[in-house]
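*Asks:* Here is what each chain is made of, one letter per residue.
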Amino acid sequence: MNAYQSLAIGQPIERLEAIPPAVDAMVRFEGISKTYPAYRGKPGVNALQTIDFAIPRGSITGVIGRSGAGKSSLVRLINGLEKPTTGRVIVDGRDISALTGRALRLAQRSIGMIFQHFNLLSSRTAADNIALPLEIAGWAKADIKARVTELLALVGIADKHDRYPSELSGGQKQRVGIARALATRPSVLLSDEATSALDPQTTRAILDLLANINRELGVTIVLITHEMSVVRQLAKEVVVLDAGHVVESGHVADIFTHPKHPITQSFLAEAIGDSLPVSLASRIVPEPSAGGHAVIRIQVDGAGAGDTLVARLAREIGRDVSLLSARIDEVGGQHVGSLVLGIPLGVSSGADAVTRTLAFMSRHQFPAEHLGYVA
Amino acid sequence: MSPELINLIIQATFESLYMVGIAALLGTAFGLPLGVFLATSRKGELFAAPIVNRVLGIVVNATRSTPFIILVVAIIPFTRLIAGTSIGSSAAIVPLTIASTPFIARLVEAAIREVDGGLIETASSFGASPLQIVFKVLIPEALPGLLLALTLAVVSLLGYSAMVGAVGGGGLGDLGIRYGYQRFMPEMMLAVVVVLIALVQLVQSAGDYLARRVNRRLRHR
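As given, the protein sequences belong to chains A and B, one line each in that order. If you count by the working numbering, then the first sequence holds residues 1 to 375, one letter each, in order. If you count by the working numbering, then the second sequence holds residues 1 to 221, one letter each, in order.
Every clue listed holds true.
Think about it this way: if two alpha-carbon atoms lie no more than 30 angstroms apart in a straight line, the pair counts; the simulated BS3-like pairs of lysine-lysine are:
(1) B:136 - A:83
(2) A:145 - B:136
(3) A:83 - B:43
(4) A:236 - A:260
(5) A:141 - B:136
(6) A:236 - A:83
Don't read these hints as lab results, they were simulated from the structure. It should be emphasised that the depicted structure is a prediction, and the values quoted were computed from it without experimental measurement.
Use the sequences and the hints to build the structure in full.
*Replies:* Rendered as C-alpha cells:
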C-alpha cells in the first residue's frame with residue numbers, strides 16, 4: 001500500500017505544471033466543466049470538472065482513462081461537437097467554444113477526427129469517402145480528385161480507390177478514416193479510440209501510420225484511449241483522466257515511471273503486468289525451506305533499469321541469484337517493468353541474504369518486495 | 001372475352017397507373033421531406049424542433065388512422081378546390097396523395113433513423129451543415145430502405161386506387177366492382193384481379209431489384 005492509494009479517486013494531484021503555461025499550445029482547456037442536464041428520468045452528469053491543461057503544438061498527446069472518465073466529452077469539446085458548460089477551449093489561438101453556425105463549421109475543417117468504428121459511408125467508395133469533407137468544403141472536382149489520390153497513397157491504400165467499405169478490412173477502413181480526417185489539411189487530428197476495434201498487429205500498423213503523419217505533416221495528434229499500450233507506443237505527452245478530473249499530466253516517461261495516482265498505477269500495472277506467472281505464484285509459500293529460494297520482486301524503471309542489476313546484486317550478496325520471471329517494457333523511451341528474483345537460501349536460514357538484497361535495492365532506489373519462498 | 005371488355009381493362013389499367021403514378025410522385029415529394037424532418041427534429045437532433053415534431057406526428061397519425069374511403073368523401077370540397085372537379089381519375093389523385101404522404105413520411109422516417117448516428121457526428125466533425133448532412137449522408141445511406149419504402153407505398157396506392165371508383169375515379173378497382181360485382185361478370189372480376197396481381201408483382205420486383213443494386217453494405221461478402 002503506498003501513500004497515494006489513500007487518495008480519493010478523482011481527486012486531482014498537483015502536477016499540472018508539468019506542461020508549463022508558456023508552452024506553444026495547439027489546444028488549451030481553460031476552466032472547463034461539462035454537465036449534462038437530467039433528461040427523461042436520467043439524472044444529470046458532471047462529465048468534466050475543473051479541466052485546465054494544454055496540448056503542445058506538434059505533439060502526440062494521449063488522453064487515457066477508464067470508460068466514463070470523460071474522455072469522449074473532452075475530445076468533442078476540441079472540435080466543437082459539444083460546448084463546455086463553463087470555461088473556454090482555445091484551438092490554434094481561437095476560442096472554438098464561442099463559435100456557432102457557419103464560423104464553427106469553417107473552424108471544424110482544420111480539425112480532423114477518426115473514430116473507433118471508422119464511421120465510413122457504406123454507400124461511397126474509399127475514394128468518395130475521402131472526398132466527402134472536400135465536397136462539403138466546396139472544393140473543385142479536379143482538386144478533390146488530385147487530393148484524394150494523394151491521400152490514398154499517404155495512408156498506403158492507393159489500390160483500394162474504388163472499393164466500398166464492405167470490401168475492406170478493419171485496418172484498411174481506418175486508413176480511409178485517417179485519409180478522410182486529413183483531407184482538408186487540418187492542424188489537429190483527434191483520435192477517438194481509433195484502434196480499439198482492431199487486432200494488435202493492425203493496431204501497431206495504424207499507430208505507426210499516425211506517428212509518420214505527426215512527423216511528416218506536423219499535425220498535432222490527440223489520442224483518446226483506454227489502452228495503456230496505445231499511449232506507450234505513440235504518445236509523448238499524456239493526460240490521465242478519472243471521474244471528470246485530470247489526475248496527472250505531463251511527459252509519458254515521467255508520468256509512467258513515477259505514477260502517483262492509483263488510476264495511473266493501475267494502467268501501468270496492466271501494461272507491464274505486475275502479476276506473477278501462475279506456475280510461480282502457486283509455488284510461493286510463507287516459510288523458508290532448506291535449499292530453497294527467497295522470492296523478491298523488484299520494480300525497475302528509468303536509467304539503466306536492470307542492465308547490470310542482477311549481476312551486481314549477486315556480487316554484493318555473494319550468491320548466485322536466479323531470475324524467476326521478468327517483464328520489461330518501454331514507456332516513453334524509458335524502461336519500466338519488474339524482475340522476480342530467487343535468492344538461494346543455502347544451509348543457513350538465508351534471512352541475512354534477504355535483508356542484504358532489500359538493503360541493496362533500497363540503496364539503488366529500486367522498490368523491492370519480499371513475496372515469500374519457493375522450495 | 002369481347003374486344004370491348006378487353007379495351008375496358010386496358011383503359012382501366014392506364015387510369016390506375018396514372019392515378020397511382022402521379023399520387024406516388026406527389027406523395028414522395030411531400031412525404032420525403034416530411035419524413036426526413038420527423039426523423040431529425042426531436043430534442044437534440046439535427047433540426048431539433050420537438051414541439052413541431054410532436055404536432056406533425058399527431059397530424060400524420062390522424063391522417064393515417066382515417067379510413068381511406070371516408071377520407072375520400074370528407075375532402076371532396078378540397079378536391080374540388082384543387083382539381084376543379086371531384087369526379088374522375090385526376091380528381092382522385094388528390095385524396096390518394098393526401099393518404100400516401102403521411103404513409104410515405106413514416107416509412108422515410110424509419111429508413112432515415114436506421115442510419116448510424118455516428119455518421120451524423122462524423123459529418124458534423126468536418127463541418128457539414130445540417131442540409132449537407134441530409135443530402136450527402138442521410139439520404140444516400142438510407143437509399144436502399146427508401147426504395148423499399150417507396151415500393152411499399154406504390155403497392156398500397158394500388159389498393160387505395162380501387163376505392164376511388166366510389167367517387168367516379170375510374171381504374172381497375174372501379175371496373176371490377178361495376179362489371180365484375182354489380183353486373184355479375186366473374187370473368188371480368190378475375191381479369192381485374194389478375195392484372196392487379198401482376199402489377200403488384202412487377203412493382204415489388206422492380207423495387208427489390210433497385211434496393212439491392214444500391215445497397216453496398218453486404219453486397220460483396
